[in-house]
Structures are given as structure tokens and as C-alpha cells.
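Could you put together the complete structure from these sequences and hints?
The sequence shown begins at 1 in full-length UniProt numbering and counts up by one.
Among these hints, one or two may not hold up.
Each computed DMTMM-like pair below joins lysine to aspartate or glutamate, with the alpha-carbon atoms no more than 25 angstroms apart [to be verified]: (1) Lys139 - Asp114; (2) Lys139 - Asp121; (3) Lys50 - Glu61; (4) Lys46 - Asp58; (5) Lys151 - Asp121; (6) Lys151 - Asp114; (7) Lys139 - Glu61; (8) Lys50 - Glu72; (9) Lys46 - Glu61; (10) Lys46 - Glu72.
Simulated restraints on C-beta separations [unchecked claim]: (11) Ile141 - Ala25: 39 to 47 angstroms; (12) Tyr94 - Met117: 25 to 33 angstroms; (13) Ala147 - Thr49: 38 to 46 angstroms; (14) Val136 - Asn63: 16 to 24 angstroms.
These are calculated hints, taken from the structure and not from any lab test.
Heads up, the beta-carbon is just placed ideally off N, CA and C, and yes, glycines get one too.
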Amino acid sequence: MLINIDSFGSPAGPTFVDGISLALASRLFALNSKGIQSPLVDTQPKALTKWRLNRSIDYIEANLLRPIYLIELSNAVGLSRMHFASQFRAATGYAPNRYILRRKIAHAQTLLRDPRMPIVDIALLLGFRTQAHFTVVFKGIVGHPPAYWRKHCC
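Rendered as C-alpha cells:
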């Protein structure tokens, strides 16, 4: 099932699959664990250090037009996927795959300012497999479909 999730056309599909895999592994571990956690243990994940956050954001920006895998980001900052994902979320407020989608849509807004560039070309450039999926994601983040945004918000 997890292998087929990428076929939905999401440009963050690989990152999403990695995140789901980690969540499932974590949940299974928790269900099988018999140990009792000490109340003195801090259960809040620490945020990424500033240099790790900057490096991961730079990596995302440099590779925005291609699929970005969670393992690539975690390797770029020297953390495991699980630690990176939780610390990235603590630092940004977004899971890595959600952050990547938001950055893609922000880039799309810049591209939409050029009325000569067709929306379908923008969608494909940013890694969406269809304009329809791009429109759904864009509307979910921005609040309006790309054509409306281009016409009224530029």
C-alpha cells in the first residue's frame, strides 16, 4: 500500500511515504514496548539547531523542482530520518513534506505572476503530475485556485 501512495501524483509523495513509514514503525514500537517512561524524561522533541535548519531549508530551495526524499534531508544534516522529521516539525511547525509543498506553492505564486506561462506548465515544472492535483494543493494552501489567484491577487 505505501509503495502505491506515490502514484497519487504528489510532488511530496516520496517524503510522505517516508513519513508514514516512520509513523507506523514508531506506533508499532510503542505498542510492543512494555517499559514505563519516567515522568522526568522530556517527551517534547527538540527543534533543529539553527545550522541544521538553515542547511535543510537551503537544500529544499536548491532542489525544489525535483522530488525530495526525507532520507536526503536527514543525511544533509547528519540525523536519522525520525529525529530529523520530529526536530524539523518542532522548528518550523510543519512536517517536512508539508513544508516542501508550501515552498512549491510559494514558488508557483512567483511563476503565476507571468501571464504568459500556462498553469499546466507551472504544475509540471514543480513536480505535480496533473494540473488538477496542483490546483487542489494550491487552493488548499492559498485559499483560491491558481487561475483565480493569478487574475485577482497579482
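Evaluated hints:
no.: 1; hint: Lys139 - Asp114; in the structure: holds (19 angstroms)
no.: 2; hint: Lys139 - Asp121; in the structure: holds (17 angstroms)
no.: 3; hint: Lys50 - Glu61; in the structure: holds (16 angstroms)
no.: 4; hint: Lys46 - Asp58; in the structure: holds (20 angstroms)
no.: 5; hint: Lys151 - Asp121; in the structure: holds (17 angstroms)
no.: 6; hint: Lys151 - Asp114; in the structure: holds (11 angstroms)
no.: 7; hint: Lys139 - Glu61; in the structure: holds (22 angstroms)
no.: 8; hint: Lys50 - Glu72; in the structure: holds (18 angstroms)
no.: 9; hint: Lys46 - Glu61; in the structure: holds (23 angstroms)
no.: 10; hint: Lys46 - Glu72; in the structure: holds (20 angstroms)
no.: 11; hint: Ile141 - Ala25: 39 to 47 angstroms; in the structure: violated (28 angstroms)
no.: 12; hint: Tyr94 - Met117: 25 to 33 angstroms; in the structure: holds (27 angstroms)
no.: 13; hint: Ala147 - Thr49: 38 to 46 angstroms; in the structure: holds (41 angstroms)
no.: 14; hint: Val136 - Asn63: 16 to 24 angstroms; in the structure: holds (23 angstroms)
Hint 11 from the earlier list is the only one contradicted by this structure; the remaining hints agree with it.
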